[in-house]
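Number of protein chains: 2
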Amino acid sequence: MNYSQCWLNYNPIDNYEDRDMLSDIGICIATNQISTIIENAVSELSYALKRMLNINCNKEYMTEDDQYEELKSGIILRLNTKDKSGYNNEGYSIKHIDKTVRIEAETESGILYGCFDLIRRIAQGELIRGIDIMEKPKNNIRILNHWDNMDGSIERGYSGKSFFFKNDELIINERTRDYARLISSVGINATVINNVNVHGAASDLITDRYLDKLRIMADIFAGYNIRLFLSANFAAPIEIGGLTVSDPLDKDVIDWWKKCVKNIYDKIPNFGGFLIKADSEGRPGPFTYGRTHADGANMLARALKPYGGLLIWRCFVYNCQQDWRDYKTDRARAAYDNFIGLDGKFDDNVILQIKNGPMDFQVREPVSTLFGGLKKTNMILEVQAAQEYTGQQRDVCYLIPMWKEILEFETYSKHGGSRVADIVSGRTYNQINCGLAAVSNTGNDYNWTGHDLVASNLYGFGRLSWDTELSSEEIAREWAVQTFPHNGKVIKAVLDILMKSWPVYEKYTSPLGIGWMINPHNHYGPNVDGYEYDRWGTYHRADRYGLGVDRTVKSGTGYIGQYNEPNASMYENKESCPEELLLFFHYIRYDYRLKNGKTLIQHIYDTHFEGVEDVEEMIKSWESLQGLIPDDIYERVRKRFDIQYRNANEWRDVVNTYFYRKSGINDEKGRKIY
Amino acid sequence: MNYSQCWLNYNPIDNYEDRDMLSDIGICIATNQISTIIENAVSELSYALKRMLNINCNKEYMTEDDQYEELKSGIILRLNTKDKSGYNNEGYSIKHIDKTVRIEAETESGILYGCFDLIRRIAQGELIRGIDIMEKPKNNIRILNHWDNMDGSIERGYSGKSFFFKNDELIINERTRDYARLISSVGINATVINNVNVHGAASDLITDRYLDKLRIMADIFAGYNIRLFLSANFAAPIEIGGLTVSDPLDKDVIDWWKKCVKNIYDKIPNFGGFLIKADSEGRPGPFTYGRTHADGANMLARALKPYGGLLIWRCFVYNCQQDWRDYKTDRARAAYDNFIGLDGKFDDNVILQIKNGPMDFQVREPVSTLFGGLKKTNMILEVQAAQEYTGQQRDVCYLIPMWKEILEFETYSKHGGSRVADIVSGRTYNQINCGLAAVSNTGNDYNWTGHDLVASNLYGFGRLSWDTELSSEEIAREWAVQTFPHNGKVIKAVLDILMKSWPVYEKYTSPLGIGWMINPHNHYGPNVDGYEYDRWGTYHRADRYGLGVDRTVKSGTGYIGQYNEPNASMYENKESCPEELLLFFHYIRYDYRLKNGKTLIQHIYDTHFEGVEDVEEMIKSWESLQGLIPDDIYERVRKRFDIQYRNANEWRDVVNTYFYRKSGINDEKGRKIY
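Read top to bottom, the protein sequences are chains A and B. Residues are numbered in the numbering used here as their position in the first sequence, beginning at 1, plus a constant of 1483. Residues are numbered in the numbering used here as their position in the second sequence, beginning at 1, plus a constant of 1483.
Hints were generated in silico from the structure; no laboratory data involved. Not one of these hints is a red herring.
Because identical chains cannot be distinguished in the list, a pair is counted as satisfied if it fits within a single copy or across any two copies.
Listed next, the in silico DSSO-like pairs over lysine-lysine satisfying Cα-Cα at most 27 angstroms (straight line):
id	residue 1	residue 2
1	K1788	K1828
2	K1734	K1828
3	K2037	K2155
4	K1533	K1972
5	K2152	K1811
6	K2155	K1811
7	K1983	K2122
8	K1859	K1828
9	K1750	K1734
Turn these sequences into a full structure, and let the hints steer you where they fit.
Following this line, the structure appears as structure tokens:
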């Protein structure tokens, strides 16, 4: 096999206390129909028990409900479609009663998730004795976005080539199934396999040229409760339909999409729907025809509606032809300005997919103002597991803590609980079509994610999308225990590395929320002025006195005014503005004193020196694991750390030198600045 | 025809006073052999006289010398191989005696150049009555370097695709001949048709795969006294020869090259030789085997020697993996440091080709120290007609004044005349294999050079390589008069634009010799820090107090010490250092007063504002020609000026803003800086 199993290794667990309890019993399936999902669940559970505990399972199938009562021992999977009281849809319960462990659910997918849950608990050494839990996902939509191109490349992909596409053809093989197992095991229930920038052959994915093969893929996914979505080209009626326009109010265009969608569902009854990037960074959209994004999204949504399909519309819309001389236009404002006026105008199977911050997946950004702004619109929070701006899977950067902060952010959109987590779960406004999306960090590298340690981001995204209340540490521990041999020292070191990795990356890169300062195009490595005189709206405005972007209402771009109170006032005032975002919201002098008494410039110097020292510590920590973990993993990660160390050094020296040259202020500690 | 004839338009000349004198007479050819060169000369002359003066020529051929004496009228082309006294090799004389104009030369090429000279004089309205001149080229080697790749692209090409190569095949068509006519008309006698970076199929050019077609091309060129050269891959013995090394002292390698060269000359007896870029920017070379550049060059030269072939070896050797933190390593030193120790060690058919400055074709550089250093080595001065760093043929930049300054530079290498012009002509050290090379600015665009006005650089290079004593104005006038309709206003405006174009480009780009500040990779448009923290050795070291690179002996990199006295002392002291090179040699504070009383920072602001204003004036000047010149030329140039204007604005604003932010010093005139 040319790829690893990541956290589905099912390493043997020695001395598991409940082994004896489980060893005698078999797995009994009780359902009135044997479905692929149930078969996959049984197969996964028996495989895992064999690998982890060396328990051989007997499989028994029962079709009559009353047979259950007679079962005196076993792991009993019971599909209970009658009892709607306890768990709904994808939820499940697990109970230990006498000599049985009973997983019950309303749906087959619930059974599947219950099995993965049981496996996860055992894998972590958790005792099953006396278990009595009931689980259901916090979010209905838990979706991956793959930016895979049909030539096999991956936009912002750092883990090799696509395992979905090659030479304009689909790839379907054993890895397709193992991909489904991996992401299903952490609760992901939908995936968009092609890049949001739909070019070339990718426009044809929605046509007969590909639908038969897509159905095979969709069926494999469906066996793991994963719905297949496609990114579609808003200009498809022109590019592949031969029409002269793609105006969403044009009758021919509407008819074309209806036929197109009907044809898709004829072939792929379980098709999820479309993801659309429109009027963004050169992509076509409704603006061309003087139509709104609501016009565009609703037209497509109505074509999907009869089949239960969803239409996911990205809000990453801004002017990418900005003039750096213009201090008033603010890219941060763009998503809100473009969409807030459309609140309530979207059909109920339309979902707006909103990036976590107002810019673009920087190492530190405030929360997008749309989450606190929209009240009558379905929303998905989009995060990026692919580390485009956070080290590109060469530098380790565990992103769950960042995502947690975003989810925990209180928007004050509604009295009594309107954190981002509440809003995107649908709880705040009683919505169903909501959830979390992540731009995937996967590719056909042996270890799936380029850097072994950042498989934790893929794992963590799934777990977090299922339960946004899990802590970053819990997720990291879960992942580490399932990935590495059961050894306390290993787990401790890995957790330590993961938990400090985001703060460390932030330390040696761009300070206090200003973002960017990165090499244009490839987005790796320092280039302080790289985007400073460019057209992308991404400026730091550093001069000899200070730096930062004034986004206040009083004297700046007014972006802060898009926040609800008291957030707006908190950000508006330098003193109350969280310091980690100080330069995002304010222009600050180098000699400004931060709360810890340090000047801004000294903070920049200190964090950059510390960042490199922290990397050195992480490396030492990793090196202490040699021999305790498989050599191939050790070596792969060790090599990545060499790259990260060089990168951190380069960032430290370039950023410090840049600001030293500009400020002329010496480092208090007299360290080497060039 | 999908291309223009540039300065070989031969526009009709009204009221030419000597028309009557010339109208009666025919062209008589006297030679004991009718050769292709002579035929081409006759054909060109009769075509030109027909077009310009509507004179039909009779052609008479004589084989007996005494028949000349009987000729009483005509333009008499006389190949005088006996009389070696007056003109040598490629020289010629033109005399008006009674009713004859006599062009005499020792060689056929002399006759050809004499004909082009006569045409040029007539085209400029110069009277032929009483002419009595003798001309010979100042430089023996006058060579173009094309950086054309075999896929049809051109490295640093801004005039379309290659007209030599497409899809790994040679292109030979009517344009091949017209190319030869164009460059021969200005005296160029050699050309390297493929990129010095020899990749892929280009490595095979020296093999049978291409030699038959190359012979056809070489023969076309030979008809215009142009020798075909090829760039060769130093690793060819490995890449195409199947050897394991390309060590220049390895017997198998030596034999391989001998066979290779013999095979080339079997097919192409008039082959010129090789151009080699070795151990430079990733190209293979003798360093790999611990050999010197002399070892590498001599080995190849000895293979070429039996056939009269030349080996041109580029001196563009430097460390392109420099660390920006390192203030002591200086790329400017590299060529000298690498080659000075080898002076006298090269065979006499080896020529070192040396870029004009120590860096890389910046808008302003001092003269390379190698010219004043080497005394026992053949040298070619390499300039770049392709405007890689000087506007890329979108911005007009007439480069002859720059090249003149270089040629006029007194190196003090030898008492009594050792200007660069003296050295590369071979006069100073009595050398034969010397001359001038230009990286060509041509491509398959309709007008050959992308921007119509910079065909003047191609024209000018040829003329200058023939006669380094011509002035920039003379050359510009010659070119303009032959290119545009005979109209005083047109010529005046074009001359005005050309003569100010280099200073204007310098004004709005990088100041006082510091260079770079350009977008990495594509080398167009401003990016002050673009190469500042990179590995290319190209830094400006700007901080909040000033900028510039200290290259003094006293406190800097010591580069200045490579110059002979009194140049070294002149550069060493800020006060005597020519101000246009001040920042190349010294770190200067923003408040330093230049000789005109302005501070450095005010000079930066002023020149950048002026540069844009100058472009506006150039545009007005051009617009005044609408209707006076062909519409297609007018429009093409007008569009280029729009691009140049935007570029100049961007440079002005980025550079001024950058230095304003860094220095904090206001523009005295209160103009807009962002």
